Amino acid sequence: MDICIAGYQNRVATLLETATELRLYTLEDGRVVRSGMTALPSAGAASLPAYLKTMGVDIVICGGLSTAVRNGFEALGIRIIPWVKGPIEAVLAAYLEDRLDQMIMPGRSARTTR
Amino acid sequence: MRLPRDIPLESVLDSVAEGIFTVDLDWNITFFNQAAGEITGIPPDEAVGQKCWEIFASSVCDGACPMRPCLKSGLAVRNKSGFLLRADGEKIPIGLSSSPLRDKDGKVVGGVESFRDLTPIHQLMQKVEERYSVEDIRTNNPHMIRTLQILPPIAQSSSTVLLLGESGTGKELFARAIHTQSLRRDKPFVAVNCGALPGELLESELFGYKAGAFTDARKDKPGRVELAQGGTLFLDEIGDMPQPLQVKLLRVLQEKVYEPLGGVRPVAADVRFVAATNRDLEVMVEKGGFRQDLFFRLNVVRIDIPPLRERPEDIPLLVSHFIRQQNSLKGKNIRAVSENVHQILFRHAFPGNVRELENIVEYAFILCPGEMIHTEHLPEYLKPQARGEPAAHSRPAEGSGSVDMLGRKRQAVLEALKRNRGNKSAAARELGISRDTVRRILQRGGAK
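Protein chains in written order, with my numbering: chain A, 40 to 153; chain B, 3 to 450.
Read the hints as simulated data drawn from the structure, not as lab findings. The structure displayed is predicted, hence computed values, not measured ones. Any given hint could turn out to be false.
[Claimed, not checked] Keeping only pairs whose Cα atoms sit at most 20 Å apart, straight-line, the calculated EDC-like set for lysine to aspartate or glutamate is: (1) B:K334 / A:E113; (2) B:K212 / B:D188; (3) B:K250 / B:D306; (4) B:K53 / A:E128; (5) A:K92 / A:E60; (6) B:K53 / B:D26; (7) B:K53 / A:D140; (8) A:K92 / A:E67; (9) B:K223 / B:D242.
[As the list claims (entries may be wrong)] To be clear about the criterion: a stretch of chain B counts as covered by chain A if any three or more of its residues have a C-beta under 8 Å from a C-beta of chain A, and this derived list gives those stretches: (10) 59 to 65; (11) 204 to 211.
A virtual CB, placed ideally from N, CA and C, is assigned to each residue, including glycine.
Turn these sequences into a full structure, and let the hints guide you.
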């Protein structure tokens with residue numbers, strides 16, 4: 040399974056739209072077996088769902104994102120975990136340990152989409 | 003005047019409509035007023051103690067933080083634009099300003115940021131935008147509004163119209179609007195640029211030719227007049243039409259007939275003429291460069307289109323219009339330009355008029371990856387550095403309301419020099435301008 044964390048300077052970007060890097064991880068049996076990084080496509084966040092779909096990403100962990108972009112991910116069957124905050128390594132560890140709900144921005148819901 | 007000592011500052015800040023919060027040097031939120039809670043939807047007690055970027059789902063947090071210059075350099079930032087994302091995915095346009103917080107010794111100990119919800123202003127602007135538009139022409143300028151109000155009766159008459167305006171003011175848009183609002187709207191609209199072709203070619207382009215009219219004329223070719231039969235013929239750059247052709251055009255206007263090259267009998271022309279030029283035809287008539295009788299024939303209804311520099315109130319309207327156009331063309335979701343970009347556009351003279359503004363927006367779309375066009379997305383010639391102006395993060399001079407632009411620039415440079423112990427290179431770096439620009443501003447202001 041491949042996941043993507045939308046980052047800005049080693050932390051989760053405040054908004055998916057303002058992320059400067061996309062950290063990519065391939066997980067097997069609850070462990071990271073491969074990792075990489077790519078920049079946000081120049082066409083911006085609106086093109087991200089299709090871009091990440093072609094890269095085989097199943098789950099996107101990010102900060103805030105607009106309804107339009109969220110709908111784009113949902114349409115392509117990519118699961119979104121929004122409103123996440125914190126350093127990227129800590130967020131990855133929290134995801135692997137199934138405690139990502141501790142990394143949600145104050146005042147936001149940890150509701151995820153599939 | 004000071005606040006009475008027995009009134010807690012927090013209660014004052016909680017009573018204002020603007021969102022206000024403070025941070026310490028580690029970006030931890032130390033105060034979050036009631037309005038900030040209402041605008042963001044985050045209870046103040048949950049916000050305090052968090053890093054500010056973990057609270058604000060804002061377009062400025064990553065890379066464009068207005069608090070950063072406050073904490074790092076003690077500089078204030080005024081009137082920055084951005085948006086907040088509410089938990090339901092709704093975007094709230096905001097205007098924000100920030101300032102450093104100093105202790106009694108003047109040392110920066112944190113920052114304060116105020117922000118306001120601009121949604122009502124944006125909604126009002128959208129309503130205003132919808133009020134005065136005809137076809138693709140949008141305006142808030144009183145002169146233009148009057149022109150647009152009389153456009154329908156002009157269009158429905160059969161009179162020849164002369165459009166006068168600088169290059170790029172949208173003369174062809176007016177010509178098209180006249181056509182689409184006329185009784186000829188179901189017939190062709192044909193445009194000819196009289197300045198783009200040499201005389202003989204222009205004549206055959208306008209009136210067509212018969213087979214055998216000249217060596218390569220193997221079969222009849224219809225001219226633009228024939229192609230526009232029943233419709234409208236737009237003659238752009240009419241001031242560039244050669245004099246011999248002016249005579250032939252005059253005959254079409256007077257007698258409603260023309261003769262194709264090589265033709266032996268006149269052909270009826272059922273065409274409404276709209277002409278346009280950026281040249282002063284009256285002066286050309288005086289100097290003999292344009293036929294007076296043709297000028298009178300064309301000048302039946304005259305519409306003057308003011309240049310963009312004389313109608314700055316149209317700049318925001320046109321910017322929004324071009325952003326919408328480009329969004330649908332490029333499949334992007336850019337929402338607006340920043341306050342700094344607005345200020346740059348208001349100061350620009352726009353020698354290329356509306357077309358230049360359209361090109362600027364198109365250029366910014368190529369470089370802008372987000373939802374807000376900032377100064378870094380503008381063409382180089384518009385950027386503050388290229389114009390010899392201080393960057394947006396400069397501290398405003400005290401009592402600057404009465405200081406002229408050069409005075410403000412000089413004040414900003416002098417303050418930057420003071421902070422950098424007279425080092426011009428360091429001051430230039432801080433202000434985001436070149437060392438040469440620093441030197442020029444100081445020289446023009448009388449300092450060395």
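Cross-check of the supplied hints:
1. Annotation: proposed proximity of K334 of chain B to E113 of chain A holds, straight-line Cα distance about 19 Å (limit 20 Å).
2. Straight-line distance between C-alpha atoms of K212 of chain B and D188 of chain B comes to about 28 Å, which puts the hinted pair past the 20 Å bound.
3. A distance of roughly 26 Å separates the Cα atoms of K250 of chain B and D306 of chain B; the hinted pair therefore is violated under the 20 Å criterion.
4. Between the alpha carbons of K53 of chain B and E128 of chain A the distance comes to roughly 17 Å, so the proposed pair stays at or under 20 Å and holds.
5. Pair hint K92 of chain A plus E60 of chain A holds up; C-alpha atoms about 16 Å apart against a cutoff of 20 Å.
6. Proximity of K53 of chain B to D26 of chain B is assessed by CA-CA distance (about 10 Å); at most 20 Å being required, the pair is judged to hold.
7. Pair hint K53 of chain B plus D140 of chain A holds up; C-alpha atoms about 18 Å apart against a cutoff of 20 Å.
8. For the proposed pair K92 of chain A and E67 of chain A, the alpha carbon gap of about 19 Å is at most 20 Å, so the pair holds.
9. About 24 Å separates the Cα atoms of K223 of chain B and D242 of chain B, which puts this hinted pair outside 20 Å; it is violated.
10. Note: the segment 59 to 65 of chain B has 6 residues with beta-carbon separation from chain A under 8 Å; the three-residue rule is met and the coverage holds.
11. Beta-carbon proximity to chain A at under 8 Å applies to 0 residues in the segment 204 to 211 of chain B; the threshold of 3 is not reached and the given coverage is violated.
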